[in-house]
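Residue numbers (the numbering used here), protein chains in the order written: chain A, 1 to 354; chain B, 1 to 354; chain C, 1 to 354; chain D, 1 to 354.
Source of the hints: derived by calculation from the structure; they are not laboratory data. Among the hints, erroneous ones may be present.
Because identical chains cannot be distinguished in the list, a pair is counted as satisfied if it fits within a single copy or across any two copies.
[Unchecked claim] Cross-link-like lysine to any residue pairs, in silico, SDA-like; alpha carbons within 25 Å at most:
1. K43 - P229
2. K43 - E89
3. K43 - Q276
4. K254 - L222
5. K43 - Q351
6. K254 - H26
7. K254 - A269
8. K254 - H277
9. K254 - V290
10. K43 - A167
11. K254 - R96
12. K43 - R286
13. K254 - D319
14. K254 - Q351
15. K43 - A127
16. K43 - N226
17. K254 - A192
18. K43 - D295
19. K254 - A285
20. K43 - S272
21. K43 - A68
22. K254 - A93
23. K43 - R291
24. K43 - N223
25. K254 - Q41
26. K43 - H324
27. K43 - P294
28. K43 - R265
29. K43 - E293
This one's a predicted model, so the numbers in the text were calculated from it and none came from an experiment.
There are 4 protein chains.
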Amino acid sequence: MTRLRVGILGATGTVGQRFIALLADHPQFVVTAVAASDRSQGKPYGEACAWRLAGDLPAEIRALVVQAPEPPLDCDLVFSSLPADVAGEAETAFARAGYPVVSNSSSHRMDDAVPLLIPEVNPDHLAVLDACRDARKESARGRGRGFIVTNPNCSTVVIALALAPLAARFGVEAVVVTTLQAISGAGYPGVASLDITDNVVPFIANEEEKIERETRKILGRLNGSNVEPAPFPISAQCHRVNVVDGHMAAVRVKLGRRAESAELREAFASFSAAPQHLRLHTAPARPIVVRDEPDRPQPRLDRDAGGGMSVTVGRITSDSVLGHRFVVLGHNTIRGAAGAAILNAELLMAQGYL
Amino acid sequence: MTRLRVGILGATGTVGQRFIALLADHPQFVVTAVAASDRSQGKPYGEACAWRLAGDLPAEIRALVVQAPEPPLDCDLVFSSLPADVAGEAETAFARAGYPVVSNSSSHRMDDAVPLLIPEVNPDHLAVLDACRDARKESARGRGRGFIVTNPNCSTVVIALALAPLAARFGVEAVVVTTLQAISGAGYPGVASLDITDNVVPFIANEEEKIERETRKILGRLNGSNVEPAPFPISAQCHRVNVVDGHMAAVRVKLGRRAESAELREAFASFSAAPQHLRLHTAPARPIVVRDEPDRPQPRLDRDAGGGMSVTVGRITSDSVLGHRFVVLGHNTIRGAAGAAILNAELLMAQGYL
Amino acid sequence: MTRLRVGILGATGTVGQRFIALLADHPQFVVTAVAASDRSQGKPYGEACAWRLAGDLPAEIRALVVQAPEPPLDCDLVFSSLPADVAGEAETAFARAGYPVVSNSSSHRMDDAVPLLIPEVNPDHLAVLDACRDARKESARGRGRGFIVTNPNCSTVVIALALAPLAARFGVEAVVVTTLQAISGAGYPGVASLDITDNVVPFIANEEEKIERETRKILGRLNGSNVEPAPFPISAQCHRVNVVDGHMAAVRVKLGRRAESAELREAFASFSAAPQHLRLHTAPARPIVVRDEPDRPQPRLDRDAGGGMSVTVGRITSDSVLGHRFVVLGHNTIRGAAGAAILNAELLMAQGYL
Amino acid sequence: MTRLRVGILGATGTVGQRFIALLADHPQFVVTAVAASDRSQGKPYGEACAWRLAGDLPAEIRALVVQAPEPPLDCDLVFSSLPADVAGEAETAFARAGYPVVSNSSSHRMDDAVPLLIPEVNPDHLAVLDACRDARKESARGRGRGFIVTNPNCSTVVIALALAPLAARFGVEAVVVTTLQAISGAGYPGVASLDITDNVVPFIANEEEKIERETRKILGRLNGSNVEPAPFPISAQCHRVNVVDGHMAAVRVKLGRRAESAELREAFASFSAAPQHLRLHTAPARPIVVRDEPDRPQPRLDRDAGGGMSVTVGRITSDSVLGHRFVVLGHNTIRGAAGAAILNAELLMAQGYL
């Protein structure tokens, strides 16, 4: 089987490195181009990149020369983890040039014509692209029309995944979420050690707005080819804590009907959706793992569940103000970033968009 | 002026050490006895105690022999930070033997006849002791009748202090609080390093219940010599984070009337109460410090505000679910434990109970 | 192929858990018995053990009932990670009862009749057991005579592995080593978080003595069936640092002859020994990985090299006092403990001792 | 008494902030000018500086406008903590313009005409400036001739202070030092949290060379107005560890004559020098505090000894390779930087150079 050739925009950053690590040995994709917006252009990736993941940089990537993040690139689609200030224009340019763009950047997430996708939650939102798909089919996978598909912000993925089965089964009327987020979420060099050692920072720029806005789009209803945001209010307070990987969220939720904690537990534990049914390569067996120990989930013990693609829910109980509460944790650079985009691409492929 | 002679129960523990550090050079109290429930009895304190605070153990304490936590002790009042499993009986025994007991332990906090006191918040709750006071006055500070006064759990102090001016000015109808608590709150050895390095633990035994229960008692209304708990619901989710000292709480609050964020800010910043008016030795000039920077409060930068006796509030803004939100931080072993008890004792003295 | 049935003594501890994780799916061993010295006896392992490794406890171990660490146990050999205070007698009892004992405990390491083994370094020291082997062969793997084989202390393995190729090629005349050791080396609960957060502790009980003593035995010369300790002096200063896994050692070494840094680099990088030649299951392809970046090795990036069984050497340069220096890092609970013992057992099997 | 008016070059950085904090309420100096090499020029200091120390920025500094680090500045002397790439020229310019320059920067430390000063160790090295002093005296503290005085690199101060009494009493023949250094030593933002959380970095740029070079100059012998570096070799290996403040050094030392550990202890504990005899304001009562507990010094418990100006020595014992060893710890931004420079200025004042 021929693998699609993939370009990575923002390849030298934290998420770019995760893309490369997760795509090593991928059955459907092979990295053939790397691009970055910084001074590393023109150097071999092995020199340009200060590889910060455990283990070695895959050998076949080492010699790829870092290019500017502009079309054309020698690939069939691009993954993008460009910084927000350059992602908007660059991704638009690639889409116009006919490339499918699978982006982790925030620039286009709220665009009407761009799906904000979690394959387990809102695969139907791909309908936004249907005109695209039809055109591409006609052109026999030629450079017909490009498009952009985005995944949510790293903490939003985790929260929306946990809310999805509750919204489907009970309805959601209000959400209050408080996050404890890992330092890798800020990239590299990112958070200064003097800011986070023996400390907590109760602020992450734009994060609270992103959670409130993106969650409603993801859980919104498709109306024709438009997505109507979910109508319930969400309140988010975000904190950076001294954890390497793994975003935690303490969630209270007001449901649309009475429910026992055991029913919520069952809704989480039995959750399974399109990526599981389609057996997508990166899909975890269980999108939501439920732990019953009183002190779980914990970042260091649970972030790698399902290869970093499962979120883990615990501490499910009743709440005197909102009705229900629980804690959810997910790996922010896998399920919350590179892994999310790759799963999006796998769904696009399974559905005929690639 | 003669200083009251003080005994410390639980003197070798984390809070006991803070008592000793904070009482060095205190104008009204002098430590004359130390007691502990463990194997250290019979040894000089300098040997019995593994001193874990920065700086040296005060020289005058070094030679005091650790005694059993039973009356009689050579002192006029006792501060108690005994573990919960022994505090109940021991404190009752001291009170029956005529000692005023100023306790940081949880055993008697919810007793009807015991004030749960924050001097800035509910000094009127001392009325519960009025029969005591009258009796003691008659007996000319003799061993008339003892009594017990408690301070709240370490995170509750911080939360209740922040809620107090809001309750007074706007009324409070519901509170949702999510805590990020320091490791020193668990005592020594307390939290294992393997549990908290590169990690968060979303569980602190009994903490959520304590916050929900104690806050309502503190903000309750005095009816004769009874305290009726405040009627609003409180939801607490508690997390241990990798911070040495300083408990942080992310708070949403539903108020009894419409208010702008600026009004909440003003209510916090202008808050001043009995300890400030009485110029109590340990009282901070401002019980609540407001910081307007977007990324404050932070434990390492703000925990020592007001000598560790001020709490710091920041990030005051509107909230789409509850109406208002903010973040508050306080030093858990000073304002949240030893300093709280000492301030209680200073108020008792100023009000004639000692 | 039939797998040998293995019992684990000290199965509920930190190293015991590593044994279980590393033996899952092992081609030669299968865990059939678990024992512990604590209150967990009589409970199923799944209940008795607070599993602290990432990922789930292997399902097939969950139901094994924890037994007392006394013979008989239903197994062909035992791995031991008992605490030092009980290991001595228990291991002797198992050996007397005819079990091969492969121990990570310190009790018997310095016994004359017990090899202190690193398969890459001193496989010839197994000659100490030769009488054993012959007897066992005769009895057709029956319960002939048991024996004890030990692996070194967790930091000693790392240091001795790095010294081995230098000793072989250049001779070693003096070693000065300063360690920075991970918290997992102290077991669980082990190091209190209040002792190590924002801190270093320049003391690990008995560690400096163990390094100085054990390294000389490992690098000692076999004389008949006796091991004569290497004659060079070793100086060790040991520190606990705030790292989860991975012991680092800064090493200066005085060699027996002049050598360039490049020669040391080559001696490290080309090092290969019995476990590699025998293709033992747990043996890493390269026992010593050399990194040339100026800031490596680092615990978080390099501890998992070779599945945790390689040590990583960097910063090789000349030294104005001792002649040469470098930094070496290894995974303390894998290469430094459970993995070391398993590799020992694999060598014993390959050499006919099992 | 009139206070000398002080300008601070590099005022917005980590060490610059320490200068401001330590000079608040200083009896001899008052800050009248602040300068920085960055984009903050022209703004009030309160706006230009992201104050990162606990507590508030002193109010009287808030309104000072940040200037370029070029003469003239409205002050009698300047403290400099400029980055190395601009310090060289800027400090020379100030000295030429007649200002005494008391610098923490590395640019001029090894210049022949510049003392590299620790007031307790080599106050006699000020003789290098004697021509200066005489000229200044004549000009009645006018703008006669400026000069530059430097303090050592942050880890070198700590090491040299500990070696000083040994060199004086026993002679020193070789030193092997391994450091564990705090993140604040790298300034702000400095060390990325992703590089140091759950990690150690065995590399600090130029640090090993600085320790080896500067220590020999400090402990060198004055020959006329020249300093001859001490002749013994020093080997340094440097590591960054996850500690906020406090540099630790594990030291082995070969002495010039036989000595017992108890004699070293006594040499450390009784050490006292010019700053103590002159009762300089910033001088600690004891430059070296000796701790006899087996697990001290520790950064969090000992870095603030003597207001951050004492170093703490522990673990003094014999060493099988070099003869003796111990561990020493000091506060890197107080004794190792801003406090060092201020003590230098106090000595200059006491000796008539200011």
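Each hint, compared with the structure:
no., hint, result
1, K43 - P229, "neither (44 Å within a copy, 44 Å between copies)"
2, K43 - E89, "within (23 Å within a copy, 34 Å between copies)"
3, K43 - Q276, "neither (40 Å within a copy, 36 Å between copies)"
4, K254 - L222, "within (23 Å within a copy, 33 Å between copies)"
5, K43 - Q351, "neither (37 Å within a copy, 50 Å between copies)"
6, K254 - H26, "neither (40 Å within a copy, 48 Å between copies)"
7, K254 - A269, "within (19 Å within a copy, 33 Å between copies)"
8, K254 - H277, "neither (30 Å within a copy, 43 Å between copies)"
9, K254 - V290, "within (20 Å within a copy, 31 Å between copies)"
10, K43 - A167, "neither (48 Å within a copy, 41 Å between copies)"
11, K254 - R96, "neither (43 Å within a copy, 48 Å between copies)"
12, K43 - R286, "neither (41 Å within a copy, 30 Å between copies)"
13, K254 - D319, "both (9 Å within a copy, 15 Å between copies)"
14, K254 - Q351, "neither (34 Å within a copy, 46 Å between copies)"
15, K43 - A127, "neither (40 Å within a copy, 53 Å between copies)"
16, K43 - N226, "neither (43 Å within a copy, 49 Å between copies)"
17, K254 - A192, "neither (37 Å within a copy, 35 Å between copies)"
18, K43 - D295, "between (47 Å within a copy, 21 Å between copies)"
19, K254 - A285, "neither (28 Å within a copy, 41 Å between copies)"
20, K43 - S272, "neither (44 Å within a copy, 34 Å between copies)"
21, K43 - A68, "within (11 Å within a copy, 37 Å between copies)"
22, K254 - A93, "neither (42 Å within a copy, 47 Å between copies)"
23, K43 - R291, "between (46 Å within a copy, 21 Å between copies)"
24, K43 - N223, "neither (47 Å within a copy, 53 Å between copies)"
25, K254 - Q41, "neither (50 Å within a copy, 45 Å between copies)"
26, K43 - H324, "neither (53 Å within a copy, 34 Å between copies)"
27, K43 - P294, "between (50 Å within a copy, 20 Å between copies)"
28, K43 - R265, "neither (51 Å within a copy, 27 Å between copies)"
29, K43 - E293, "between (49 Å within a copy, 18 Å between copies)"
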